[in-house]
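Novice: Let the hints inform the model, and build the full structure from the sequences given.
Chains as they are written, first to last, in the working numbering: chain D, -7 to 348; chain U, -11 to 611; chain V, 248 to 456.
A couple of the hints might just be wrong.
[Stated by the list, open to error] So, partial list: chain D residues that the calculated Cβ filter (under 10 Å) puts toward chain U: (1) Gln33; (2) Val47; (3) Leu80; (4) Leu92; (5) Leu162.
No lab work stands behind these hints, which were simulated from the structure alone.
We treat Cβ as the ideally placed atom computed from N, Cα and C, and that holds for glycine.
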Amino acid sequence: MNWLAKGRLLSLFTLMALVLAGCGEPYVSTLRPAGEVAQSQFDLMVLSTVIMVGVILVVTVIFLIVITKFRRKNENEIPKQVEGSHKLEILWTVIPILLLLVLSVPTVAATFKLADVSPMDKVNEEGKTDALVVNVRANLYWWEFEYPNQEIITGQELVVPTDEKVYFNLIASDVKHSFWVPSAGGKMDTNTENVNKFYLEFDDQKANEAGNLFYGKCAELCGPSHAWMDFKVKAVSRAEFDQWVDDMQTAEEPQAETALAQQGEEIFNQSCIGCHAVTPQDGRPEQARNAPNLANFGERSRIAGILEHNEEELKNWLDDPETYKPGNKMTNTYGDLSDEQLDALTEYLMGLKVQE
Amino acid sequence: MSTYAQKQGFGATIWDYLTTVDHKKIAILYLIAGGFFFIVGGLEAMFIRIQLAVPNNDFVSAGLYNEILTMHGTTMIFLAAMPLIFAFMNAVMPLQIGARDVAFPFLNSLGFWLFFFGGVFLNLSWFLGGAPDAGWTSYASLSIASEGHGVDFYALGLQISGAGTLIGGINFLVTIINMRAPGMTYMRMPLFTWSTFVVSALILFAFPPLTVGLFLLIFDRMFGGNFFDHTMGGNTIIWEHMFWIFGHPEVYILILPAFGIFSEIFATFSRKRLFGYSSMVFATVLIGFLGFMVWAHHMFTTGLGPIANSIFAVATMAIAVPTGIKIFNWMFTMWGGSIKFTTPMLWAVAFIPSFVAGGVTGVMLAVAAADYQYHDTYFVVAHFHYVIVGGVVFALFAGAHFYWPKMFGTMLNEFLGKITFWLFLIGFHLTFFIQHFLGLMGMQRRIVSFLPGQGFETGNLISTVGAFFMAVATIILLINIIMTTVKNERVGNDPWGDGRTLEWALPSPPPFYNFKQLPLVRGLDAYWLEKMEGKKGMTPAEPLGDIHMPNNSFIPFVISLGLFVAAFGAMYRAETAWGIPVLIIGLLITLGSMAMRSIKDDHGYHIHKEDLMDDDDNKGVKA
Amino acid sequence: MQAEEKFTAETWPTAPERATLEGKNKFLGFWLFLGGETVLFASLFATYLALKDKVPNAEHTLAKDLFDLPLVFAATMLLLTSSLTSVYAMHHMKNFNFKKMQLWLGVTVLLGAAFLGLEIYEFNHYVHEYHHTFTSSAFGTAFYTLVGFHGGHVAFGLLWIVTLMIRNSKRGLNLYNAPKFYVASLYWHFIDVVWVFIFTVVYLMGMVG
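Specialist: Here it is, written out as structure tokens:
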């Protein structure tokens, strides 16, 4: 009897997991968990769904019997006036309580497990943590990712190693946002007044299936371009990650190679450099860093987090950012750009790379 | 009443409604105003769905979209659902307990006009520089940063209408405690009255935190305060707490009366007393109580830490137990009954699976660790529409059909009613079921549009199609209302034939004094008991005597108008010269009319016994 | 019993504020209203405690250096006494002694006005001596909001009692206005209780740090 019940329950679980897993794209769906955190959350989803489907089945059966069997056939019939039934009422009080107990134990366990950020506090002799820590700063429609141990900064595209926990310090610099990588795990708000901490983990195999590029989103209404406040997470092997860090750390001041790019650099130095840095080591305080770091702009997968990464879209964006991200902080900070200027600037920006 | 009303000129009727203190007329005012705002909120919903029908759509601009989504939520909760519920509470509750009116008829009118002027003020923002755009939750950092006067309209408008709601809550509480007819003990009160009672208590304790939260917002935005400015030591999380300490009980304020309406309908059309009446009462009270213990489940991702998150997760799950008790009790009310599928009953029957679906996702959302995924996605959007539309709106439609004859003396067309029902039911599930999956697939809420290539296209299109079904259903209801009003076929006391509670013992609509003689209540379902013994009406509990009635008054209108005027002054205080004078004039109007109310004695008047004896039950008196 | 009825000391009921249905409703409704007011002040207290001493920079004065305890203590005594005098007034209302009721209400109003005067002086002192203003910090905003809300309640209570006293000065007590006097005095007690909490939570706890 017992093995039968177990077997049934297990098959129900599997079925449920299969049904749910059929949904969505591997780089953005919570139903295609790509890491330990998302997986434990997915397991909770399945557990709660199974329990709830059980409840729904019971209700459905009673419901169908009631509405088919007890229709009025005779206008004069007066049914027996029943007060209630203690037995039944106790039954449907106690069983839900038991079901909820079954659900609440793993809930509490997981809630504590996902909040465990103790490795962030373990500092070695150099004052750094052994764990990989990223400081996330959310700004009106762009994200900054600072690696305090590695002393490098990047924007819009988070790069992380797979198969290890990545710890995050989260804060917002203007209004509240929320940091969310659906495939890798639940979100955490970036408040304006305090730092929130949590961790995520990215599975190597799942990352490959998703093309090593996960979608990240802002999940808290923050203004007109809330919908467009996307970022990307590049999940690569530890070796590749180390290589990237090394490239970032050793990156020189960018050299504009072509004449057009040099022209672009001039424009950039006149109009853009006040906000945008072009080296991964930006010593300015965070209040001064009020635009994304562009050191590896040429290697990114999107422009402004949302547009295809090509010259055409870059020109569109530079020409009129308001169309693509209404309410952004870049609009009207520089004069109108002529076509030649756009060409030059595009050439320069696309050449900003740290890896060869 | 009807013959009397027909003799009045149009102007006199308007004046009558502007000054009325009769709970039945105030109910009609709530119904009309709430219905109007329901249409407005519905249009906003349609704009949202059209915008989201296809990816990268530009039907509305991003800024305007945020205004629409904010006003859709705010309007539906504060200006449509709440007043429509108040309409039924006003229309039915005093009749159900055998009272001639509410405890404070004057305050009842004041409550309505405060709500009305607050709602009008809020909606005028569309024409005066833009509506609020920080979401109905208006989280502090964004609502402080929001430019223009939109959020000022939100804060001031809700402050005014919130005061009206609070007054209404106190009024209902006192009415139920002090004004029940002889024999109407607490445990003989109909479930709708019970839910009104519990909900009024929730209003009393839940609205003050909102009042405080709105004051903080007003002070910060208009008077240089620093509550939410972290550079000055402020903290935005205070707003989140204040808002949800109000906001969570608010959803129970909406849903419990819906439960009450359905309880009446299930019993009536099953011809059977409510199964497990005492446990239903107990569950209602328990839900109301637990409703105050769970607010932080809206803030699982705010960073309150695992201890708080776990406590609130488990407390939230606990609410499922009394709610489950209710579901089973309703089904067992029908079990063994004699079910007649009238329009109200169809809504009630459809409510069970719809609400269960919303309830189970509620339990799923309570799982804090998993909620990190659900939070602020379309999964949440689907969940709360399942409970609020599948619960509250279904109840409002059901209640409208059920109580229409009692309120207006004529019955809505059953055929059109059933068409409305089926269209709305199909549209509702089409719109919202798929949204669960959109959320799980990574679509966050409150987004103006979405990029292609994320798997969101089909789901959103289906959702939009469903919304049109609901829109058509609502239009058919409006046609039904117009047709019914034009035809105006009068009905008797108990038009459904299966009425159980006191309101069905009265003419439809009841005379303005409700009961010529207060009835003697001999048990639960008082009117049903008498009918089963072959009697036509209630046994009177008192000899025929003079009836004391309150006078009509225009003062509530003026008090509310004064605050409306003052709100404009407060808002434009900084940038215009007339701001301060207008603020002062408005406050003077309010305080002056309050003082007038205080100084001028109002003893009401008496309907004399002789006039009552002449009076034919079906016509009311010519006062 | 009818609201308009004329009474003598002998026929005056023992609980005149609840002798009519209107009176009963007012009595209960007002208690419920005070329940809501309690939540309102609880919310303000919570906000104040969250923002206490939250200031933008080190120059800003903190609670322990700010408050002038003797002054606040005097204000507290004034308000507590006014609560006592309003009890006397209600005692005479129940005994159908209109003149004495008016007298004690008058004393209550004077004490309340003196309290308000001290509070205004106190605020003025903080603003000019310490630059502790409504806009200077979150602490300032929360402090003036909490204490100011209470002050606003005191001012409204004074207006209310004075209006009642003037309106009824010529016609004495009846069952129509007895509940009005009674709930006004309830309101006054409530204001007093809130002040006891403000004195403890804001001032005394402020002094210890």
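Novice: Against this structure, judge whether each hint is valid.
Specialist: Verification of the hints:
Because the smallest distance between the Cβ of Gln33 of chain D and any Cβ of chain U comes to about 5 Å, under 10 Å, the interface hint for this residue holds. The interface hint given for Val47 of chain D holds, since its Cβ lies 6 Å from the closest Cβ of chain U, which is under the 10 Å cut-off. Here the hint on Leu80 of chain D is kept, as its CB sits about 7 Å from the closest CB of chain U, short of 10 Å. Hint status for Leu92 of chain D relative to chain U: holds, with the closest Cβ pair at about 5 Å, below 10 Å.
About 8 Å separates the beta-carbon of Leu162 of chain D from the nearest beta-carbon of chain U, less than 10 Å, and the hint is met.
Hint compliance for this structure: every hint is met.
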